[in-house]
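There are 2 protein chains.
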Amino acid sequence: MPKTLPFDPIAEARRHWEHRWGPEPGPSMAAVTSIMRAQQLLLAHLNEALRHHGLTFPRYEALMLLLFSSNGSLPLGKIGDRLQVHPTSVTSIVDGLEADGFVRRVPHETDRRTTLAEITRAGRDAAETATTELNRAAFFTEPLRAGELDRLTVVIGKVRQAAGDF
Amino acid sequence: MPKTLPFDPIAEARRHWEHRWGPEPGPSMAAVTSIMRAQQLLLAHLNEALRHHGLTFPRYEALMLLLFSSNGSLPLGKIGDRLQVHPTSVTSIVDGLEADGFVRRVPHETDRRTTLAEITRAGRDAAETATTELNRAAFFTEPLRAGELDRLTVVIGKVRQAAGDF
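Chains H and P supply the protein sequences, listed in that same order.
The end of the first sequence is residue 429 by my numbering, with every number in the run present.
The end of the second sequence is residue 429 by my numbering, with every number in the run present.
In isolation and in its complexed conformation, chain H is listed as follows (with noise of 0.2 Å):
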C-alpha cells in the first residue's frame, strides 16, 4: 500500500503551477491528478482485497463481463474493446483466470479463427464471492454517500465522453 503523505501532493502541486502558469490550467491539472492518484489507491486497495480469491482487478473485471454475458462467454478481442486493454493483456489475463479454473478457452461454433474466454462454475463462485466483497466495503469510497458517488460519475462521465470513450 502506498505511504499516507503528510500534505495533499496535489494542493501543492496546484500552487506552484499557479504562481508560474496563472490561474487558468489549475482546474485542469488538479482534477486530471486527482483522478490519476485516486485511481492508484484504489488499484491497491481493490488488488489487495481481491488477492484471497485469487484474482486481480483486471482479472475481476474480465470475470464480470463474461458473467453478465448472455452465454457466458465472449470472443477475447471484444473482451479487449470492453475492458480498454491491448490483445496482449488480454491474453495475460485470460492465461491467468484459465491457470486458475475460473475460465476456458473454447473455439468459436462458427468462426474458428475466433477464440472464446468462457466462464466456469468456479469462476462464477469467484465473480460472487468476491462481489460481495466488494460491496460490502462500497469499492473503498467510505466515506462518500451515494449522492456524491453518483454526482462524481455523471461528472466523469463527462469527461470519458470527451475523451471518447463511448
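Calculated from the structure, these hints are not laboratory results.
Hints are supplied without guarantee of correctness; some may be wrong.
[What the hints assert, rightly or not] Listed next, the in silico SDA-like pairs over lysine to any residue satisfying Cα-Cα at most 20 Å (straight line):
#1 H/421 - P/398
#2 P/421 - H/265
#3 P/341 - P/373
Based on the hints, put chain P in the right spot on chain H.
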C-alpha cells in the same frame, strides 16, 4: 487510442449489478469504475501528447516534481513516495529521463548511500514546453468548466483521503 464504444459500458454494468445485488452497491461500483476508465483514457491522451517531447506521463510527473523542488533535485526514494510508485518503477523512470538527458544521478552531499535525481537544463526546457501544451489542451478535460473540475477535485479528494493518500 482505445476504441469508442456505442454505449456507456458503466451504465450497462450498473444495470446488471442492481438487478443482481440490489440498488445499494450501484453508486460506489459506478463511481470507482468511472475513475478507472477515465484514468485509462486520460493516460492514453497524455502519453500521446507527451511522446513528441520525449516523455511519458510517469516521467513527466517525476520531472515536474524536480522542477518544483527547491534545489532541482530529490532523493529517488522521495520521488517514489510522492508519486506512489515502487522503487523499481522509480529506477526505470529515472533511467528513461537520464537516457534523454533530462536528469542526472548525483550522490547526496552528506549521505553517500542516497542517490539524488537532478533536473538538467534540457529537462527544465522539456518540462516547460510539455506543460504549455498540456495546459493549452486543458489536460483533455474539455468541455468541463473550472467550477465542475474543482468540484470533481474536492469529491475525489475525499476518496483519496479515505483511501489513505494524505
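Hint-by-hint comparison with the structure:
1. H/421 - P/398: Holds - the C-alpha atoms of residue 398 of chain P and residue 421 of chain H are around 19 Å apart, at most 20 Å.
2. P/421 - H/265: 17 Å, holds
3. P/341 - P/373: 16 Å, holds
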